[in-house]
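> These are the residues of each chain, in order.
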Amino acid sequence: MDDASSSPGHEASPVPADAATTTTGGVDPTLIRWMLSLTPEARLRWLENVLRTLREVRRGT
Amino acid sequence: MEPDLRALLLELADCGADFVVVGGIAAVLQGVPLATFDLDVVHSRSSENVLKLLELLARLDASSRLRPPSEVLRPGPEALGGPGHQLLRTRLGPLDLLGSVEGGLGFEELEGRSEPFLLEGRTLRVLSLQALAELKKDATSPKDQLSRLMILETLRLKQES
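Chains as they are written, first to last, in my numbering: chain P, 75 to 135; chain Y, 259 to 419.
If you're looking for bench data, these hints aren't it; they were derived computationally from the structure. The structure presented is a predicted model; accordingly, all values stated were derived computationally and were not measured. Please note that the accuracy of each hint is not assured.
Said to hold, decoys possible - One side of the interface only, derived from the structure: several residues of chain P facing chain Y at Cβ under 8 Å:
{"id": "1", "residue": "Ile106"}
{"id": "2", "residue": "Leu118"}
{"id": "3", "residue": "Glu122"}
{"id": "4", "residue": "Leu125"}
{"id": "5", "residue": "Arg132"}
What the hints assert, rightly or not - Below 25 Å or equal to it, Euclidean Cα-Cα: the simulated SDA-like pairs (lysine to any residue) are:
{"id": "6", "chain 1": "Y", "residue 1": "Lys394", "chain 2": "P", "residue 2": "Leu105"}
{"id": "7", "chain 1": "Y", "residue 1": "Lys394", "chain 2": "P", "residue 2": "Leu118"}
{"id": "8", "chain 1": "Y", "residue 1": "Lys394", "chain 2": "Y", "residue 2": "Glu411"}
Positions of the beta carbon are idealized from the N, C-alpha and C atoms, including for glycine.
Okay, chain P solo, but in the shape it has when bound (with noise of 0.2 Å):
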């Protein structure tokens, strides 16, 4: 499976066993580990499907 396509909060995420169960200010440090265990081009895949999602959902495809 493409890194970049997965997301964290699927089994294929790490999440670490004593990770917050609370965040606050709106930031999801799971999110965050998730984006830092892959490489930079990985990340840049990441946003290129965010964008693409977007776009289709404005399209309503």
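Got chain P sorted already, so can you dock chain Y onto it with the hints?
Relative to the frame of chain P, chain Y by itself:
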């Protein structure tokens, strides 16, 4: 044509111009999960560099986003040689060429606060997370404040690991 920010970044790298990647793409490359729609770079305003950028802008069919799409208005050497921001649409997506950023900082000041990143065989200079957070320290917009929080949390988690 769909925007392709990666291709835009590679075109910039391949044109041989001196620049530092800043903004959302700089944050994403370093692991901050932010969605951003454009590529922001601070470029060297030397005349040699401006010439390279002008050639690139012509190849990318660039024009100002401040004008209607039907009106193609491309910045000239004076604009690129100044401290202002050129907000451009290109055939590969939105590109912001910044002569300077907060505090009047330009390429020369930011280059030393950047880190090299390898992308498809090219080495890019990307502004460090610490410097990105400092640029946004006086931000008043909720979007920039949230971005700064996410950058700081990413820095904390990087240092922790």
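> If a hint holds in the structure, say so; if it doesn't, say that too.
Structure-based check of all given hints:
Proximity of P/Ile106 to chain Y holds as hinted, the smallest CB-CB distance being about 5 Å (cut-off 8 Å). Interface restraint check: P/Leu118 against chain Y, minimum CB-CB distance 5 Å, threshold 8 Å, status holds. The beta carbon of P/Glu122 is positioned within 8 Å of a beta carbon in chain Y (closest approach about 7 Å), and the interface hint is therefore held. Hint on P/Leu125 holds. Least Cβ distance to chain Y is approximately 7 Å, under the 8 Å limit.
Because the smallest distance between the Cβ of P/Arg132 and any Cβ of chain Y comes to about 12 Å, over 8 Å, the interface hint for this residue is violated. Using a Cα cut-off of 25 Å, the hinted pair Y/Lys394 and P/Leu105 holds, with the two alpha carbons roughly 21 Å apart. For the hint linking Y/Lys394 to P/Leu118, the alpha-carbon distance of about 22 Å falls within 25 Å, and the restraint holds. In summary, the hint linking Y/Lys394 to Y/Glu411 is supported, as the alpha carbons are separated by about 14 Å, within the 25 Å threshold.
In the structure shown, a violation is registered for the earlier hint numbered 5 alone.
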